[in-house]
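The lines below spell out each chain.
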Amino acid sequence: MRIGLFVPCYVDALFPEVGVAAYKLLKSLGLEVGYPEKQTCCGQPMGNAGFETKALPLARKYDELFSGYDYVVAPGASCAAYVRHFHPEIMKESGCTAAEKTTDIVEFLHDILKIKSLPAVFPHKVSVHNSCHGVRELGLSSPSERNVPRFNKIIDLLKLVEGIEIVEPERRDECCGFGGMFSVEEPAVSTRMGQDKLRRHIGTGAEYVTGPDSSCLMHLEGIARKGGESIKFIHVVQILAAGL
Amino acid sequence: MSSKENILSRIRNAGREKFGKPEIAVDAIRYDDPVEQFINACRTVSGAEVSFGTPPPDDVRGESSTVRGAFGVAENGCIWIPQTEDDRAYLFTSEHLDIIVSKNDIVNNMHEAYARIAASSEYFGTYKFGTFISGPSKTADIEGALVYGAQAARSVRIYLI
Amino acid sequence: MSTEHSKKALEYQAEPEVVTRHDRTFWNVRAKRDAMAQSLPEWEALRDAADRIKKHTETHLDEYLLKFEESASRNGVHVHWAEDAEEYNRIVYDILSAHNVRKVVKSKSMLTEECHLNANLEARGIDVVETDLGERILQLMKLAPSHIVMPALHVHREDIRDCFMSTIPEFGEFRQEYFRRNPQLSPSEVDSSDPTMLTFIARLHLREQFMTAGAGMTGANFGIASTGDVVVCTNEGNADMSTAVPPLHIVSMGIEKLIPDYEAMGVFQRLLARCGTGQQTTVYTSHFRGPKPGGEMHVVLVDNGRSSILADPGHWQTLKCMRCGACMNTCPVYRRSAGYSYSYFIPGPIGINLGMLKDSGRYSGNVSACSLCMSCDDVCPVKVDLSSQIYRWRQQLDSIGRANPAKKLMSYGMSFVFNRPKLYIGALKAARMVNALPDCIVYSGMNAWGYGHRMMEFPKESFHSLWKKGIDNVK
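Residue numbers (this note's numbering), protein chains in the order written: chain A, 1 to 244; chain B, 1 to 161; chain C, 1 to 475.
These aren't lab readings, by the way, just hints derived from the structure by calculation. Treat each hint with caution, since some may be false.
[Stated by the list, open to error] Below are the DSSO-like pairs computed for lysine-lysine, each with C-alpha atoms no more than 27 Å apart in a straight line:
#, chain 1, residue 1, chain 2, residue 2
1, C, 475, A, 125
2, C, 103, A, 38
3, C, 475, A, 159
4, C, 475, A, 61
5, C, 460, A, 226
6, A, 61, C, 422
7, A, 38, C, 8
8, A, 24, C, 408
9, C, 475, A, 27
Could you put the whole structure together from the sequences, leaning on the hints where they help?
Below is the structure:
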């Protein structure tokens, strides 16, 4: 199985260790992993800001770079969701092939590879950050609003890690307020949402907040540091790849 | 053209794809003992009291009134009360309302309730009004604090016969 | 970078404990809604049915309107058609003046807010008394609703007490009556802004209004085409009080409120209160099928832009909305910015969309009030695609000249860099992507980021660079 690794732009620039962890984890599972070096951004920041026309060339480029792979795997639920749900719409005239093969790494491991064990050890208490697009676009967990059987793929995977203690905050999938350009257009509400979310993560007594989106974690971390909070942040793939 | 014709013509020219009338196949909740569930709903959901047998006669001051309900609904404690006399104001202006309903007339849910009303013209006879009542009037408009007796009946007692 | 909403929302943050209170109040309503959703195994099937019934009805609206008119007329109801707010206000005034009505009691209706009916009637010398407690509080305080279902929940009890004391002449008398009826309570021990007591005072105050009004007005939660019923749901019974005493009943109904029949009604009755307030049912679900003996009943069917919404391919599904307010209660932005931060009279996700449909130039300042968390889509009982619609409005802002210039510059700047892999990689090499962007973009964005965050630290090397060097050697 040939995997195209999509490392979202802000992960590339700010959280390279998340990309490294994703790569190592996929390799350790015996997969052939390619990384098209001309990749940049999926276009979500422009699209959500209202400039889908500016996202179009990026979507086209993405499709060109990744259409040859069996699956495209991204350590970033929101970006994977944008590609899968919005690229077909943005490119409806020309069509696209990579979008439907694009997955977040959590769903890839859980639904496609169906992994049942991992060598990872992480003897810490973690609070799971169920980010909105992971929950409501990709279905990484059951949305709290809906009457569907309860599940959480992030937690299923984390349970494979030795020594870990897993908790969820109150209001388990309320938005943290990042929202990409929302955080700079509505800084007051965005910050307040982040403060509230952070307080609930801290309230679990966890040492780490972990989730499938470094963007939400970056937002919460920025607020935590400004507020002098010491709780740590780690992408879920870094925990799954611990020790590799 | 009249306003009516203008509105209808704009609707007709809206160019929307027409969606067919759906079959409503909701497998709605049913109860092993609808009467027990009804009593439970009246007490916990509606804030009504429940007694068995017939109520005392209405008091002379008009503070309390009695009405016969057509049937009750187990899922939410609603009772269907069609208007049966010229004046209906007493249903709402009385401080206290006694509602009589038969144990044999409890349906499971609102689907069954509406099917029952639709099936029988007796529920809307001369008087073109009917209401589902579920307990005393209430409000939470002041800071979300639940208060019984907002405008209409301050208390409701249901007599199951 | 700021929008109208973001400026108001910033002001609202001045008192963090007020935000906490507002957020908690409406989150509690959402939590109650969730409990309702979980209590019915058929919940998602109900939503699905509601969605499909509404899609069908709205796309056959001409047929259902005619059917409703036919049914209602057969029941002795006068049916009127109003193309816009002006015509609607005129029709209502004409009916009232033909009956020499000087005072109207009315139950809550968002349509009358939309058409500014109260101000219109009052300017013509007709006294309008809101009878929903929340609406009455706002009317006496001269405030606008902050929520469509719980319009005055943001007002503090002390302010309500002060308002009642200054506007209800019988305040002292009614207060004494409260203690006469509750001899177990001691006046010195009951808080002067106790909600139960204030509600009682409002009850006596409104009783007088019901008894002396010449007409009662209601909105309509549903209009049933097959029978001509107008269905009004309340907890207080104020719609029933408003219509049980005065001989004249005028219903204001948006044309989108129609549903086909009683079978459909069962679906919507079960959803409305559960979604709106987290109750199994409203206390009263009243079916008005015709006039009282010796009375008159009028229904005014109001378009006021709805038929144009139907013609809008991206937004027609807002017509499915039944105004339960669930999208507001779940919206993390609404809960932390409150109703007055929005320039349209309906706030929250549905209000952002309806405002844009009403006047996109005037209400575009609300479109920023969404983090695209999509929770509103999941709570909506009729599955309006609220967040997708907000996303679509954002795509249109630029073409109507309403795009945020700083955000536009930022989007264009990012797109410029992202479309040039060499430039992008070069920027990464400097480990400062921001260095590649013009300063003005960086500062406007970074200043906003700096409002709540400590600036992130950039790593020494990007993933790109690590890959180039040989990723398998990275520790």
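Hint check:
1. 475/C x 125/A: 24 Å, holds
2. 103/C x 38/A: Distance ~72 Å between residue 103/C and residue 38/A Cα, so the pair is violated.
3. 475/C x 159/A: 25 Å, holds
4. 475/C x 61/A: Roughly 31 Å separates the two Cα atoms, so the pair is violated.
5. 460/C x 226/A: Answer holds: residue 460/C to residue 226/A is near 22 Å, not above 27 Å.
6. 61/A x 422/C: Holds, at roughly 14 Å.
7. 38/A x 8/C: It is violated: about 42 Å lies between the C-alpha atoms, which goes past 27 Å.
8. 24/A x 408/C: Measuring from Cα to Cα gives roughly 38 Å; hence the hint is violated.
9. 475/C x 27/A: 14 Å, holds
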